[in-house]
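Line by line, the protein sequences are chains H and S. Sequential numbering of the first sequence, starting at 9, is according to my numbering. Sequential numbering of the second sequence, starting at 738, is according to my numbering.
Keep in mind the hints are simulated off the structure, nothing from the lab. Heads up, a few of these hints could be off.
Computed footprint of chain S on chain H, listed as stretches where at least three residues anywhere in the stretch have a Cβ under 8 Å from a Cβ of chain S [to be verified]: (1) 155 to 168; (2) 217 to 228; (3) 256 to 269.
No farther apart than 25 Å at their CA atoms in a straight line, the calculated lysine-lysine pairs in the BS3-like style are these [to be verified]: (4) H:Lys192 <-> S:Lys893; (5) H:Lys192 <-> H:Lys276; (6) S:Lys817 <-> H:Lys46; (7) S:Lys817 <-> S:Lys893; (8) H:Lys276 <-> H:Lys261; (9) H:Lys192 <-> H:Lys261.
Predicted model only: the values in this text are computed from it and were never measured. We treat Cβ as the ideally placed atom computed from N, Cα and C, and that holds for glycine.
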Amino acid sequence: MELIISLLSILFSTIKDVIPIAAIIFGFQLFVIRRPIKDLRRVLFGFGYVIVGLAFFLLGLEKALFPLGRLMAEQLTNPEFLRQGLSSAADVLHWDDYYWVYIFAFAIGASTTIAEPSLIAVAIKANEVSGGTIGIWGLRISVALGVAVGISLGTFRIVSGVPIHYFIITGYVLVVIQTFFAPKMIVPLAYDSGGVTTSTVTVPLVAALGLGLAETVPGRSALLDGFGLIAFASLFPMITVMGYAQITEFKQKRLRAARHAELDRDNKS
Amino acid sequence: MQKSLYALMQSMLGSLRDLLPIIIVIAFFQLVVLQQPLPDLVGVMTGVVFVVLGLTFFIYGLEMGLFPIGESMAHAFARKGSVSWLIAFAFALGFGTTVAEPALIAVAAEAAQVAANGGMIENNPDARSVYANGLRFTVAFAVGLAIVIGVVRILKGWSIQYMIMGGYMLVVLMTGLAPQWIIGIAYDSGGVTTSTITVPLVTALGVGLASSIEGRNPMIDGFGLIAFASLTPMIFVMAYGMVV
Numbered sequence: 009m010e011l012i013i014s015l016l017s018i019l020f021s022t023i024k025d026v027i028p029i030a031a032i033i034f035g036f037q038l039f040v041i042r043r044p045i046k047d048l049r050r051v052l053f054g055f056g057y058v059i060v061g062l063a064f065f066l067l068g069l070e071k072a073l074f075p076l077g078r079l080m081a082e083q084l085t086n087p088e089f090l091r092q093g094l095s096s097a098a099d100v101l102h103w104d105d106y107y108w109v110y111i112f113a114f115a116i117g118a119s120t121t122i123a124e125p126s127l128i129a130v131a132i133k134a135n136e137v138s139g140g141t142i143g144i145w146g147l148r149i150s151v152a153l154g155v156a157v158g159i160s161l162g163t164f165r166i167v168s169g170v171p172i173h174y175f176i177i178t179g180y181v182l183v184v185i186q187t188f189f190a191p192k193m194i195v196p197l198a199y200d201s202g203g204v205t206t207s208t209v210t211v212p213l214v215a216a217l218g219l220g221l222a223e224t225v226p227g228r229s230a231l232l233d234g235f236g237l238i239a240f241a242s243l244f245p246m247i248t249v250m251g252y253a254q255i256t257e258f259k260q261k262r263l264r265a266a267r268h269a270e271l272d273r274d275n276k277s
Numbered sequence: 738m739q740k741s742l743y744a745l746m747q748s749m750l751g752s753l754r755d756l757l758p759i760i761i762v763i764a765f766f767q768l769v770v771l772q773q774p775l776p777d778l779v780g781v782m783t784g785v786v787f788v789v790l791g792l793t794f795f796i797y798g799l800e801m802g803l804f805p806i807g808e809s810m811a812h813a814f815a816r817k818g819s820v821s822w823l824i825a826f827a828f829a830l831g832f833g834t835t836v837a838e839p840a841l842i843a844v845a846a847e848a849a850q851v852a853a854n855g856g857m858i859e860n861n862p863d864a865r866s867v868y869a870n871g872l873r874f875t876v877a878f879a880v881g882l883a884i885v886i887g888v889v890r891i892l893k894g895w896s897i898q899y900m901i902m903g904g905y906m907l908v909v910l911m912t913g914l915a916p917q918w919i920i921g922i923a924y925d926s927g928g929v930t931t932s933t934i935t936v937p938l939v940t941a942l943g944v945g946l947a948s949s950i951e952g953r954n955p956m957i958d959g960f961g962l963i964a965f966a967s968l969t970p971m972i973f974v975m976a977y978g979m980v981v
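With the rest of the complex left out, here is chain H (with noise of 0.2 Å):
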């Protein structure tokens, strides 16, 4: 019974959120276009299908992993389980003590990342436009990646308290120089998979991870350190992205080259 309740209003605060955007989409279709959309009642369907999917999808993390994940980030930068390791009570916590942190900011960042809806929307349509030469499983792994690398840096930032600036910026010139050597049709993939990441199901988990981290390690303070990490999230993706683009090409062109070589051999022989 709670849970049909909790349904309900879920279902009811999506489509609160879907009404602004389909009355601009109706509006604009039937004012400005003026013409009858093509299969009118598949595309109904499919928003009905759409908003049903997120409110299932949204009460099923927040029944099952939300509350799971936000304890363990808590427990985890708990001081207690951190000194477990330590010998004696005098001792003070080192960065390298939290290196449970980083492995489970690490994991909670990639396999978030895979099931994120945005970015699987993205991927479909990607694959598509190029024809398959991106793969879905591809872009999806190599984001996920991304935002494991950048969510743990980031809390290792938080603990070890450097400049948030200075992994930005170091990232920024690396996102730049990648843009000259990476090929040219996957640079406006690659940026926009920066801010496809952090949607739905990464942003709650990540946050509760960071604000849990800056109130326990001594002093950092929660609303300056707290944020932040949600902008190593979308920076590490472009940075893989085109990473992955480039091996591809080196793969492609390492075959090329050998089925040359092979070629060149059988013309003499």
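Knowing the structure of chain H, use the given hints to seat chain S on it.
Chain S only, in chain H's frame:
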């Protein structure tokens, strides 16, 4: 009937596979690292079933509704040839989907609280709500503008690198000038604006436009709208912190 049931089963299996990494990570940390039992196993399993169902429906609906409507509108605008209506549509789509975004409302309220604690504005509900609403409309305007810039870029065929790099240069520059407390919020506001429904729609719009205009490559010109939408809010929020 049997065939579509089979397809449904297959996409549900796909969704389960998408979710599996999270389950493994959480189970590993709970059982091995923290060495605690899984609380409320039945509740967790129900939740997982809901997530799998939800993801399956979402992807079904994506290919039936969101992608086709985004692309067909892009084609219709291109055929109509009216640039001003296209720009109006782009702005409305960016502004309208952002202004009501729950994540943004939450971040704006939080930012108002921080500003009030820091003595930037008076600490009463009225002043806070004025400040939070101002911030919300600033971000929504920034996203609307971003989609417009992105659409104009597709129409003109400008290359994206220099625009995005220039934007990030501006972000770095403004980070030095803006008040310290707004920076974290500004960086995060870039991430919260692109919701799960907006992303597929905007992507379909960009790809649809690029494929219906001659001389544009959907791969090179069609993507990039989201990149603008996560860049401009950072700039505008820092500017808001400097002005207000």
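Checklist entry - Okay, which hints does this one fail, numbers in order? => result Violated hints: 1, 2, 3 and 5; rest satisfied.
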